[in-house]
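On the provided structure of chain A, position chain B as indicated by the hints.
Chains as they are written, first to last, in the working numbering: chain A, 91 to 443; chain B, 91 to 443.
Take these hints with a grain of salt, some might be off.
Remember, identical chains collapse to one label, so a pair may be satisfied in a single copy or spanning two.
[Stated by the list, open to error] Lysine to any residue pairs mimicking SDA-like chemistry, simulated, CA-CA at most 25 angstroms apart:
1) 300 x 385
2) 240 x 124
3) 300 x 393
4) 240 x 113
5) 410 x 225
6) 240 x 425
7) 410 x 366
8) 240 x 208
9) 240 x 109
10) 300 x 440
11) 300 x 400
12) 240 x 441
13) 240 x 270
14) 390 x 426
15) 240 x 128
16) 390 x 221
17) 240 x 435
18) 240 x 369
19) 390 x 270
20) 390 x 124
21) 240 x 126
22) 300 x 255
23) 410 x 293
24) 300 x 225
25) 410 x 387
26) 410 x 430
FYI, nobody ran anything at the bench for these hints, they're computed from the structure. Keep in mind it's a predicted model, so treat the numbers as computed, not measured.
Protein chains: 2
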Amino acid sequence: MNSFEWSAQCPIPMAGTAGQVLLAHGEGARLSRRLIRDTITSRFRDSGSSSEFGDAAIRSLRDARIAVTTDSYTVSPLFFPGGDIGSLSIYGTVNDLVVAGAEPRWLTFSLMIEEGLPLTLLEAILESAAEAARRCSVEIIAGDTKVVPKGCVDQLFINTAGVGELVSPVPPGPAFLRPGDSIVVSGDIGRHGIAMLNARGILQTELPVKSDSGSVQSMMHAVRQCSENAVRCVRDATRGGVSAVLHEWSEDGRVTISLEENWIPVRREVRGACEILGLDPLYIANEGTIVIAVDSASAKAVVDLLRQVPGCEGATVIGKVCEAGSCPVTIRRAMGIDLPLDEPSGAPLPRIC
Amino acid sequence: MNSFEWSAQCPIPMAGTAGQVLLAHGEGARLSRRLIRDTITSRFRDSGSSSEFGDAAIRSLRDARIAVTTDSYTVSPLFFPGGDIGSLSIYGTVNDLVVAGAEPRWLTFSLMIEEGLPLTLLEAILESAAEAARRCSVEIIAGDTKVVPKGCVDQLFINTAGVGELVSPVPPGPAFLRPGDSIVVSGDIGRHGIAMLNARGILQTELPVKSDSGSVQSMMHAVRQCSENAVRCVRDATRGGVSAVLHEWSEDGRVTISLEENWIPVRREVRGACEILGLDPLYIANEGTIVIAVDSASAKAVVDLLRQVPGCEGATVIGKVCEAGSCPVTIRRAMGIDLPLDEPSGAPLPRIC
Chain A
91 MNSFEWSAQC PIPMAGTAGQ VLLAHGEGAR LSRRLIRDTI TSRFRDSGSS
141 SEFGDAAIRS LRDARIAVTT DSYTVSPLFF PGGDIGSLSI YGTVNDLVVA
191 GAEPRWLTFS LMIEEGLPLT LLEAILESAA EAARRCSVEI IAGDTKVVPK
241 GCVDQLFINT AGVGELVSPV PPGPAFLRPG DSIVVSGDIG RHGIAMLNAR
291 GILQTELPVK SDSGSVQSMM HAVRQCSENA VRCVRDATRG GVSAVLHEWS
341 EDGRVTISLE ENWIPVRREV RGACEILGLD PLYIANEGTI VIAVDSASAK
391 AVVDLLRQVP GCEGATVIGK VCEAGSCPVT IRRAMGIDLP LDEPSGAPLP
441 RIC
Chain B
91 MNSFEWSAQC PIPMAGTAGQ VLLAHGEGAR LSRRLIRDTI TSRFRDSGSS
141 SEFGDAAIRS LRDARIAVTT DSYTVSPLFF PGGDIGSLSI YGTVNDLVVA
191 GAEPRWLTFS LMIEEGLPLT LLEAILESAA EAARRCSVEI IAGDTKVVPK
241 GCVDQLFINT AGVGELVSPV PPGPAFLRPG DSIVVSGDIG RHGIAMLNAR
291 GILQTELPVK SDSGSVQSMM HAVRQCSENA VRCVRDATRG GVSAVLHEWS
341 EDGRVTISLE ENWIPVRREV RGACEILGLD PLYIANEGTI VIAVDSASAK
391 AVVDLLRQVP GCEGATVIGK VCEAGSCPVT IRRAMGIDLP LDEPSGAPLP
441 RIC
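Chain A on its own, in the form it takes in the complex (with noise of 0.2 angstroms):
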């Protein structure tokens, strides 16, 4: 038992009265950790599989070391200011692969398509999955098309799996967190999530925000250009946003993480929205922003070469690695208080990606 056991006591219970799965089990967060540990990776693990079952897998196969990842993507709508679910299923595989060290080679592209879905609709997708990947100059290779009865899928969901070279050096991942590294975000947070309510039209008025869909492979770029050995981890903080990848990196480094709330870079339109939907921001999916842990000594070197990358001109510092204490992650509130931050565990927003 480690000190962060009181704060695993999931208020959601793992399966509904009649043990059943629910929509918070998808969220990314505590119940997404739950059931993909206690239901799927154990059994997996039992019949030889691997113990870290998660983003990205790294494999040795001969003299290379390749990265194979996967994902679904049932975002709705299809469409979203921003993006749509055909560059995001390109851009959300490919940079679970650049954030996990390597480079993206080779994509699957797997179509589960509802019967009568618009041809014009499916091509318009298939073109915006195509010119994603030639952005990121990732070869679409192998894929799979179903189609099903109406009903019995909503529109259209994608999986796409990828396979990428580990490019060295490679971020050497949460059990190297040290007390003092820096927590850095690539830009705003926020938007992804903000961009689909927009689109749902639950916000009364239309805001002006966009998803922040797209490659991170720039942004790795220029972290990688920093110092040998500076870099400790790199994450894209997709589902569960900012929130849930410093509670898995809490969690396995041993560590506690520190926030600033007044250094948090939020655009006012999406700190507006949260407002007025009584969301925290920190726990919005985005769909091109990563959150690197360096050593301090080199965190304004990441922050000065994130910036000179087109779209994150506001990349910063929002807080600090501490020794472990009660909290994963704490956050010094606007007025002055470290208060914990909760790790998400409802389904604030389903079908996001």
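Frame of chain A; chain B shown alone:
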């Protein structure tokens, strides 16, 4: 224009009157091929992706040659006589790698779950997938879990992608088909599709037919023991059945393939069900049965090797490769007359895999 174009005049339009995707686009037959080639592959090729966007793609990575494949599983019901979506999702992707000439190494495993799915059902499916992975000696290394609201997916879809390493000798493919070559099947055909019909209660009476769902690794191992260069191509006869495989081979190899109806192994119960429903077993999906094209001098050896594999006692020659004639595939029906075997184009049975 080649001699087969007459049969490419598809009786079902590419899209419905309103330009929609049809169920038949997903059945692995003529319309599927057109959707994949005209709508999907063309776009990815333009973006620098592969021109041979097929079941399994072969790429070089340093000194290794790898095969990569993907498949989504939308089978209904989730459990059927002889299998379930969990084991099917492992065997199906393993088999795609195996018939491409690869030793399967790693799989990704992605769940798309409908909110409310009983956890016990999910657990049983995961157990089955883990057991199948153990049998195939493949490691499940990465995964993803999405939960979508009720009505957005029918219970559960699974996507798996697979990475394998090529093992010499790799069957060279349909371009190497030569007139006189023999066509061999590893066992009786049509069991998976009929088992699915059975599971859905479409047949009034319950037939003792189990799906052939399983790994084809030991079959491929047997085929490999045949003298080098004798084997031209190998495929598992899934969606669209043996007919779909032979139509692809005849087109890609620019040959005609002639079958002998009397030689085709079909169980009595499967034949009976087909007669009642007006289906031809050649069009029915299998999930653990391979078709092999082999130099006729080695056909008997391949059959004898296969018959030593448990479950393949019914392996046999079912036809031969001929010079390209006016039809891609012909069949000598019971009455002794050669008739064209149409390419499957409709959707006799959705959600069988």
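Worksheet entry | Enumerated hints in conflict with the structure, sorted upward | Structure breaks hints 1, 5, 6, 7, 13, 16, 20, 22 and 23.
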